[in-house]
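*Asks:* Could you build the full structure based on these sequences and the hints that come with them?
4 protein chains.
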Amino acid sequence: MHDEGMGLMTRDKGQLNVGLIGTGFMGKCHALAFRAAPAVFPHLPKLNLATLADIDPDVARDAADTFGFAGSTSDWRTLVEDPAIDIVAITSPNFLHQAMAEAAIQAGKHVYCEKPLALDAAGAKAMTTAAEAAGVKTLVGYNYLHNPAIKLAKDILDSGEIGEIVHFRGAHFEDYLASPDTPFTWRSSKAQSGAGVVADLGSHIISLARRLVDEIAAVQAMLEIVVKERPLADKPEDKATVEVDDQAQMLVRFRGGATGTIEASAVAAGRKMYLTFEITGSKGSLVFDQEHMNELKLFRFDQGPSRDGFKTILTGPTHPPYDRFCPAPGHGLGFNDLKVIEVAHLVDGITNGTPLDPDFRSAWQIAEVVDAAIRSDAERQWTDVNDVRS
Amino acid sequence: MHDEGMGLMTRDKGQLNVGLIGTGFMGKCHALAFRAAPAVFPHLPKLNLATLADIDPDVARDAADTFGFAGSTSDWRTLVEDPAIDIVAITSPNFLHQAMAEAAIQAGKHVYCEKPLALDAAGAKAMTTAAEAAGVKTLVGYNYLHNPAIKLAKDILDSGEIGEIVHFRGAHFEDYLASPDTPFTWRSSKAQSGAGVVADLGSHIISLARRLVDEIAAVQAMLEIVVKERPLADKPEDKATVEVDDQAQMLVRFRGGATGTIEASAVAAGRKMYLTFEITGSKGSLVFDQEHMNELKLFRFDQGPSRDGFKTILTGPTHPPYDRFCPAPGHGLGFNDLKVIEVAHLVDGITNGTPLDPDFRSAWQIAEVVDAAIRSDAERQWTDVNDVRS
Amino acid sequence: MHDEGMGLMTRDKGQLNVGLIGTGFMGKCHALAFRAAPAVFPHLPKLNLATLADIDPDVARDAADTFGFAGSTSDWRTLVEDPAIDIVAITSPNFLHQAMAEAAIQAGKHVYCEKPLALDAAGAKAMTTAAEAAGVKTLVGYNYLHNPAIKLAKDILDSGEIGEIVHFRGAHFEDYLASPDTPFTWRSSKAQSGAGVVADLGSHIISLARRLVDEIAAVQAMLEIVVKERPLADKPEDKATVEVDDQAQMLVRFRGGATGTIEASAVAAGRKMYLTFEITGSKGSLVFDQEHMNELKLFRFDQGPSRDGFKTILTGPTHPPYDRFCPAPGHGLGFNDLKVIEVAHLVDGITNGTPLDPDFRSAWQIAEVVDAAIRSDAERQWTDVNDVRS
Amino acid sequence: MHDEGMGLMTRDKGQLNVGLIGTGFMGKCHALAFRAAPAVFPHLPKLNLATLADIDPDVARDAADTFGFAGSTSDWRTLVEDPAIDIVAITSPNFLHQAMAEAAIQAGKHVYCEKPLALDAAGAKAMTTAAEAAGVKTLVGYNYLHNPAIKLAKDILDSGEIGEIVHFRGAHFEDYLASPDTPFTWRSSKAQSGAGVVADLGSHIISLARRLVDEIAAVQAMLEIVVKERPLADKPEDKATVEVDDQAQMLVRFRGGATGTIEASAVAAGRKMYLTFEITGSKGSLVFDQEHMNELKLFRFDQGPSRDGFKTILTGPTHPPYDRFCPAPGHGLGFNDLKVIEVAHLVDGITNGTPLDPDFRSAWQIAEVVDAAIRSDAERQWTDVNDVRS
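Protein chains in written order, with our numbering: chain A, -16 to 373; chain B, -16 to 373; chain C, -16 to 373; chain D, -16 to 373.
Since the hints were made in silico from the structure, they are not lab data. Keep in mind that the hints are not guaranteed to be accurate.
The list treats identical chains as one, so a pair stands whether inside a single copy or across any two.
[Claimed, not checked] Lysine to aspartate or glutamate pairs mimicking DMTMM-like chemistry, simulated, CA-CA at most 25 Å apart:
| no. | residue 1 | residue 2 |
| --- | --- | --- |
| 1 | Lys108 | Asp342 |
| 2 | Lys137 | Asp197 |
| 3 | Lys173 | Asp306 |
| 4 | Lys134 | Asp221 |
| 5 | Lys211 | Asp138 |
| 6 | Lys211 | Glu64 |
| 7 | Lys29 | Asp45 |
| 8 | Lys137 | Glu274 |
| 9 | Lys266 | Glu220 |
| 10 | Lys108 | Asp272 |
| 11 | Lys134 | Glu274 |
| 12 | Lys134 | Asp285 |
| 13 | Lys211 | Asp141 |
| 14 | Lys137 | Asp370 |
| 15 | Lys266 | Glu147 |
| 16 | Lys137 | Asp285 |
*Replies:* This is how it looks when you write it as structure tokens:
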């Protein structure tokens, strides 16, 4: 159960032991965040980088050495079962999330899992059920939610400054699959990725829509496979058929009545991190894009037509937790800093009981939107999103 | 028939006589354009401003004096039947377009009509049929199509520079109806406007989608009435129920297979002329918005990842017909200049037989998209767009 | 004398007769403006396009026909001495301005002259003296001053909204001389242009600095000739030595104590109409560039650090005289529209006695700044600007 | 001497011991960077956070605990003389830099000092002389130079892609002193700060000008004190006279002949991190501002006037060392990441002998530009910059 990990915390109040699975893009990102968080956020306990797992033992050992983990393993099961570990962070390919998380939950660990949570909503549901039964804390890596600019957007919306939300126009476009020469990987396989860009990037913009607007009640989606086949990585003269969408678009209706569109693409030439939204309220608007992650554009009808316009607010120390990183405005956070905030949020949840969001249940709700989109596309009709509220 | 107008042209090759109906926003815009066009485009014949019609005879007379029309009338029928007039320009409220255009066609006039062409596709069809039977030239005032930046976009697309189009993300957002205190007008009445923002602004972004991408084959639309009632203009303490949409969103599938989203809103706080699109091709992308009408953003995968990026092209004399207005790049055209280009296009069609686009048939096709959107919204299902090709 | 022109006005209150010298870029721009102004501004009298002069009689005749002038001449002296003409508009090369203007003044005409007024401050002084002695109205073509966005900037500054001005950072950069293959023209000749870019473009940004901040009291300038020789137009294998600056930069001190920098370049690769300023006040800032001529960026410390930012105000009908062109905000004016406003300003000055700015005296003050910059560069020292206040 | 520190390196090849002085804004920034660097850059040796010094022993102890330093001290002399320490990082107020650095040098430590290096050029010279005599490595914290976007700019310039540089227009504007209510601090004291914004922010833009263009040979400067008195921090009803500039502007001439302007302001309302430059070359241009630190705008005359424009390049893994932080383009680095790169540069210099830039001698050259600006302002004349090349 959870006793062992928490026992450790009792033995040494000031420390949590971290086990990290994965050494790739997200693995490194997590490692950097665990290293930085206690220095950025002085109220946090120490985070002891205990064990790093990678299927290749040499990679695991080298990465552990680089990232400052005390030990390494090529067997993630060893890691998740280690009684000394409090937090298991999972950054493996999507199809491994569920087994790893469930094993960690069974061992009583708090689980910090990269997104999307599982291959489908059923998987997310199972993970949620297990975690809640075990009473462990969970957090899913929708890091863009932790941007001070997004927290500012949320504050503005909650304050009523721009009135009632009437429209959401969101997208997450990148071009990592734009070239037809990009090889076939697990991302193009239905079995290994579960879904295509609707899940990979779509889930990010869905997570923002939920956070800022409301839960999505129904969708009408259209999913496309733009690049229909790709060369095999190890035998480029052969091609494999792409099985999942690389371009997705949907109409959405929120529970409270607002409507809008959500799109995702991995073939949007020129877009690198175009996670963007335009939120229209009855008294104003917000515009954001992650390529300019340190600014939020705000329009309010509040100083008369000769003076009103979209205002570009640069984040600064009045937009927490920017102040933890820098006391001067406009200096700017980076992508990796968002993960540091996410880790601090996770640790606050573990040590103080701060509600974690998105926890597994929230991520399950996101997965239900993705699933509804897939069904809607298949059936060419408006499709209700299952409501996962407990 | 058409004889009288064309007879005039025979009598005096170098001149076309213009009758204009309407003295409001668009009436003034047309008047300025007819005045300017022959000076901007030296190849054009003279345009004689013959008669200006407004329902109020004093307004008609004053406006005729201001705009330089030789005569005025409060009876548009007099104008359209005047044998001396070659071109009838219609800028009246939407519900009058059809009757005026049909009368002008019957009198053999070339007809230059503001958009949307009619209250619905059936009206547009009737007008098209009449005009084609009469052999008169027609043009509909989708002025944004005449922007040199849009012609540049079309050139880039036609050249194959950005490959095959895979996605269109378009919108036309303004906020002229954002305030709930804005009174009820003919625009909020189903009988007088035919449809709401899906037709008023939606038709602009549809016209751009058609021009740049392809014909739209099917839509799945969601139309909303955000502000549900409005005060009466003459009795503000009373409210009338708004009958047409002020916010529209739709998924679209083009005939050739590209897909995307199209949205329109008259309640998008802060947006004044946000007619915008992002076109993704297999080798690059284009981004435009009419609030920056003198620039086009172009991305191409052509100089390597360390040098590629969205390029902001300022229009200039290499982007015709910018050169007719100014020999120096980056100086910028304005909204009213687009109408001057439109008038020149019209006159070229009349005098040289240049194909006019969008003529009534094209505008009918646009109206079919709008009608399909309305049906789709009512039936909550994917709806094919009628194909109006002759 | 002046009687004839004004006599004409008496004979026909509602009309002013215009003679225009020059058919090039600025000639066409003036012609379009004279055609449009009375329709855009209904309060104006009729503007009768009487005579167009060009040194080539065929060009003059064709242009007169195109632009709608009643007559043409190849002899500008005929035009300026024609008793029927009220306004003489001068768009010839710089070295001809003085002789033409003085002849027109002697004939009692109101003179509307393109910038820079003369080849040097001495010339500008002579022209000013002549005009003021004759009592004619004068206006110099610093068209960017007439932008509604600039009027908005002036309103904001005058209102005290951004406090006391402490700094001006201005530039006018273009790249029309960036290519070393661009031939030698009168613009590169000291005798014919008087000065280089410091006068050609520098005078524009100086005109904005004066309008918005204050008179410039002293300058410290550095003028450069970046491209040192250019091919002859008719014999490209031969090169001529460029005699005037194509890049200028100066420190400035305003009379009231504010300071700043002003720069001009004709070799700024990629800049097409980068007439730009950043004005810092004690309570806020303004930022503008002419490539986005329909917007002004405003910062004010007025809603707290978590909400303050630069606001992009799109011009609209609340920013006169935008409303004369269009009743809807954000639709945008173009370069040529500024000349229409300028012509209206001229005519208001003639018919209503509205003070004209920049008249010859103001343009003389601008010329004194340019002259001071040239002396400062030569002597490498701070140089006071002559004060031309009468 | 230096032996001890290097001896440590010999004892344990894989580790350098770090002593950090200061726990404020820059102290935390350094601490985070030392923690992160070995994980971001796997080739680096371990960096052992040995001792943290702050004048307040409690602050020192708490910060050491938070940042992960093994020990703390309230006496910086203890730190710099500790034989176990290899690197001394100095983030104290400017007036302490020299004494601390000289003591550290005397103890044979490598010195990593925040900018500006000393209170004046004489101080910088003394520090340089001492460091070079001792043979220690030095680096000064001009962190913006380490931005991958700046390295990209340097690559573009070195490649000749935009030809020969003809103009530099640079500024560093912030508004941290814009409010007259901001109290008097050491920054407003001549004795403690040496100079005002010309040194504080001016040195940053000077450092970029040197890196990208050339050494500055001569300046003509104008320094202003905009806010002339400020309240005392502990007795706000009393005011102290500000002794140093808060707004600076200068003309500059580079050794190779290029010219331009450099400005700095701490009272530029609305600017938070507006460290910006426009570099004009004979074949293109570069534009950058630190508020958008992850992008560089590039113009080249290379695809014809109908396709040329400023291209916004988002940094990515093809722009090293961005790839060390993230394998995907456009995700963005933040302010603190630049310090991580700076630390890696420092360590490379220590362990591999990579030339460090800006070392003390380079920073001395920057100080000479600042000193020349101060003299130029006082004497109101062009002033040559001392050349510090050894």
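*Asks:* Provide an ascending list of the numbers of those earlier hints which the structure does not satisfy.
*Replies:* 3, 4, 5, 6 and 10
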